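Given the coordinates of chain A, assemble chain B onto it according to the supplied hints.
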Amino acid sequence: MKRLHLVSWLAAALVVAACGSTGGGGTNANSYSGKTIKIGAILSITGAGGVYGPQSRDGANLAVKQINSSGGVNGAQIALTINDDASDKAQSAQVAQKLIQSEQDLALLGPTLSNSAVAVHPLAESLKTPILAVSTTGIHIVPDCNFPDTKPCKYVFRDSLGEETAIPTNIKSYAEDSKPKTGVLLVAQDDKFSSDGGTIVQNTVAQYNINLLKTIKFNKAEADLSPYVTQAVQAKPDVIFITSLGGIPAKIMTEARKQGWQGQFLGGNGFNTATVSAQAAGAGKGARSASAWYLGNSFASNKDFVDAYKAEYSKDPDQFSAQGYTAIKILADAAKRANLTFSDVAGDRDKLRTAMESVNIQTPLGPFQFTANHDVKQTVWVIAMDGVGGFTLVHEIKQS
Amino acid sequence: MDQQLLNAIFIGSIYALFAVGYTLVFGVLDILNLAHSAVFMFGAAITYSLVINHGQAFWVACILGIAASAVLGLVIEHVCLRPLRRRRAPPIAALISTVGLALIIVAAIEQGQKGSLFGWLWVDGANSVAFPAGTIPNPTWHIGDLTLEASKVAVIPISIALMLALGYVIRYTQVGRALRGVAENPRAARLMGLDVDRMISLTVVISSALGGVAGILFGVALGDISPYIGRDNVEVRGLAVIVLGGMGSIPGAVIGGYLLGLIEVFAVVALGSGARGGVAFAALFLMLVLRPQGLFGAQLREKI
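If you read the sequences in order, they're chains A and B. The letter at position 345 of the first sequence is residue 345 when you use the numbering used here, and the numbering goes up by one with no holes. The letter at position 24 of the second sequence is residue 24 when you use the numbering used here, and the numbering goes up by one with no holes.
So that you can see chain B by itself, here it is in the shape it has in the complex:
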């Protein structure tokens, strides 16, 4: 049981970190950025490619991978969100345009082969790859019945530290106040002299950088990097997490992430392995029926 608890906290950390970025954009823009799962994949894929195909050191590759994810955030804002916002398109239009961009990014990575157009980005096509053993030191410890693997254990403090840092920035800094102002009422924020477009760009960039970090941690710890890791592992689960936690609430996304990790793992233990996906979404369904505003829904007015 102990090992399963650790498994749950580990995967919960990834869900939470991914969902925090998801919910941040929703909190400010009232738009679901469905390209977030593509950013998650992109961060992992770029980092892998930099290490394996371009001979970069792992840490350098991580920083560049996170930077590339942030830049992809800018692309999302300038291609999918801003033009529609200018035209006062309904949120559903932005939702569709982010889905479209996500499909394009996945398809582009999927086509990556040696010598092809995207070969400099990714050469493994639809394959799933992993960092070769020894890329980073990854000792495994045994304490009693518990197995602790460094790359998985490290995910937990890194995720928590990043989420705390984000919480601090939003709550206590000038930038955070500005973000909250834009989230509360963009027009009033603009009248107060805030550059609303810039704040929105910043939001998407921070969100994407966090998504990229989540992707890198996922790829390293689970030894699975492919064009589909975002789509298959976090896209819908991320949605479940922010619905559980309350749309737009950062603490909600954190709690929701760990909750989903626990629900999934204990569904496997208590009800059998086939129940993993089903039970998680049963919980989501129950939440929508019984408490549609989510766990932290009471704070909905103060969105982020």
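Extracted from the complex, chain A is given alone in its bound form:
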């Protein structure tokens, strides 16, 4: 039997080779088949970002499995490595350096946190390696990864919805629904994603006639948040804005509800994972945020993803799973069209980068194309925590 298998493989290989040598319908099957496309993901599997990274990982792994088992990328297999940066900026940059220079990966995914991206993205840009951010939503991630230098970064892309879109969309939708008059902002001041979110809240509220009574800053490593929450609750606002990440939003919600506050929580992408919704449980019920993805979307590219994810992991995906999954699909589509040589990594990285700019595929996030700034432009779903670890849809908002 074994010999028979070998013979049939050889025959197949000969046919493929023959097709290639005669031009074989214009595909790159010849140069791709049997090759490996190495992609390195830098994710926060542990640490503060540990509530997001594992979902990105699971989504990306699922996409790799699907692509490889259905013939790969023109016959090439994707080899994805997941590298934990423990939510630490320095470690994130070290991992990136290793993946680019020692591992010679074709492209990178990540990192999970904007705070780490400010170290990793400029590095990838300077080493001319395409990097696709799957969850970084702070300001100046794309295109100006070297901010304050405003020269566009050529190698940095993202498929995640920036806070500059997400937070104002969320505030606008809640303001139209409930006309809140006052708010308090709780912001982690020592984290880029969080402080960017805080700045956006401060710049947005006035448009909707919300009087920001107080901005309360804290540090993300502080375990005892009660003095800050007490201060927020004593101001008796209609809305508490939370721009922070990891387990902190859930802790703030729990503490504020314990102290008897009944108002509305509004936030950003930091809310959008099932882990945070589960940690907040009943205290988080109704907390609203704008999401790049919604579980209940029934268009085919999302339904297929949700079904496959559930079958693989026996649980629902979340926004981060969907963005991780989409990232692999984007890279696979670009790699397919990039005419890779597999011998010249630097040249292949450039070809992949160019091909990424013209990606146009169906994804769980909807039809996907990068903007000229390498950013996303997509429908936004305003969602609310359901009190038991999930989300319900409040509004669907198309971007004009």
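Because the hints were derived from the structure by calculation, they are not lab data. Here the structure is a predicted model, which means the values were calculated and not measured. Beta carbons: idealized from backbone N, C-alpha and C, even for Gly. Don't take each hint at face value.
Straight line, CA to CA, 25 angstroms or less: simulated BS3-like cross-link-like pairs of lysine-lysine [what the hints assert, rightly or not]:
1) A/Lys-351 to A/Lys-65
2) A/Lys-89 to A/Lys-217
3) A/Lys-128 to A/Lys-336
4) B/Lys-114 to A/Lys-192
5) A/Lys-336 to A/Lys-65
6) B/Lys-114 to A/Lys-65
7) A/Lys-151 to A/Lys-377
8) A/Lys-336 to A/Lys-172
9) B/Lys-114 to A/Lys-35
For the chain A half of the interface with chain B, some residues (derived, Cβ under 7 angstroms), not all of them [claimed, not checked]:
10) Thr-46
11) Ile-216
12) Tyr-228
13) Ala-372
Sample of chain B residues facing chain A (criterion: CB under 8 angstroms; computed from the structure) [what the hints assert, rightly or not]:
14) Gln-4
15) Asn-7
16) Asn-53
17) Gln-56
18) Ser-116
19) Gly-125
20) Ala-126
21) Asn-127
22) Gly-223
23) Asp-224
24) Asn-233
25) Val-269
26) Gly-274
Below, chain B alone, put in the same frame as chain A:
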């Protein structure tokens, strides 16, 4: 304001209990045990792991967690302190060796994952975890504007009781007299027939057990257990507390702990949230400049 006062007393209790262990070792050995914050974290992490990963009842896990912290104290003494003492190394050497051990303990816990070398100790890597709701009964009461949460309120009497018990042991018991003797003059104590090494081991064990209790109370009440809780929340603050109170003074550490809690919380209220860390250390700085011996510095000669 009332709620903020309660917040201050709560966190002050944790600072005080942590700092009492810190200052106890300093009082006897004239050495800062900078691994104390790792012991604080270790107690909380072990207790969590015993409940969640090994299915122990909460109270059993607490006792084992405190015992494990005490054993870690023995390790500190035998690995970091005694060998250097034998060689008459300067105190700075012991300080560095305890820093080293603290980093190793934190790194070991940080590497803990399912199936890894330290997986039996901790499986959550660098993550922050909390006891799931319902592990211990934790009712919340509202009295007027005041919110009282059982797990936080309980910290206050537990800390005070432990600190009083320690004070009693040191002041009125045979062991306490022996400890004070060693603190006063180790050579004279040895000439009087005291086993100085044993008394020092006992000191580090008591100190570490208290550190472990502080860690467990912190982890339960604040719902935050990670390899970094010691480093991020009490390591430097503990130092501030014992400088405020007077190095080596137990009453000083208690008062200093509550004082730091009050200063921090009222800095948030009066000067804005960004001031929490800064004001506490401004107070420390002022104390060092104006009264370097600390609040209870007059009693410096009678160290513990």
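Verification of the hints:
1. A/Lys-351 to A/Lys-65: holds, 24 angstroms
2. A/Lys-89 to A/Lys-217: holds, 21 angstroms
3. A/Lys-128 to A/Lys-336: Satisfied, since the Cα-Cα distance of roughly 20 angstroms is no more than 25 angstroms.
4. B/Lys-114 to A/Lys-192: The given pair, whose Cα atoms are some 31 angstroms apart, is violated under the 25 angstroms limit.
5. A/Lys-336 to A/Lys-65: holds, 16 angstroms
6. B/Lys-114 to A/Lys-65: holds, 24 angstroms
7. A/Lys-151 to A/Lys-377: The hint holds at about 21 angstroms.
8. A/Lys-336 to A/Lys-172: Outside the cut-off at roughly 40 angstroms; violated.
9. B/Lys-114 to A/Lys-35: Violated. B/Lys-114 to A/Lys-35 sits at ~33 angstroms, over the 25 angstroms cutoff.
10. Thr-46: Because about 4 angstroms separates A/Thr-46 from the closest Cβ in chain B, which is inside the 7 angstroms limit, the hint holds.
11. Ile-216: holds, 5 angstroms
12. Tyr-228: holds, 6 angstroms
13. Ala-372: violated, 38 angstroms
14. Gln-4: Cβ of B/Gln-4 sits 6 angstroms from chain A, so the hint holds.
15. Asn-7: Hint on B/Asn-7: holds, closest Cβ of chain A at ~5 angstroms, below 8 angstroms.
16. Asn-53: Since the shortest Cβ distance to chain A is 16 angstroms, the answer is violated.
17. Gln-56: violated, 23 angstroms
18. Ser-116: Hint on B/Ser-116: violated, closest Cβ of chain A at ~12 angstroms, above 8 angstroms.
19. Gly-125: Holds, about 4 angstroms.
20. Ala-126: holds, 4 angstroms
21. Asn-127: holds, 5 angstroms
22. Gly-223: At 6 angstroms from the nearest chain A Cβ, B/Gly-223 passes the 8 angstroms test, so the hint holds.
23. Asp-224: holds, 4 angstroms
24. Asn-233: holds, 5 angstroms
25. Val-269: Check passed: Cβ of B/Val-269 comes within 7 angstroms of chain A, closer than 8 angstroms.
26. Gly-274: holds, 5 angstroms
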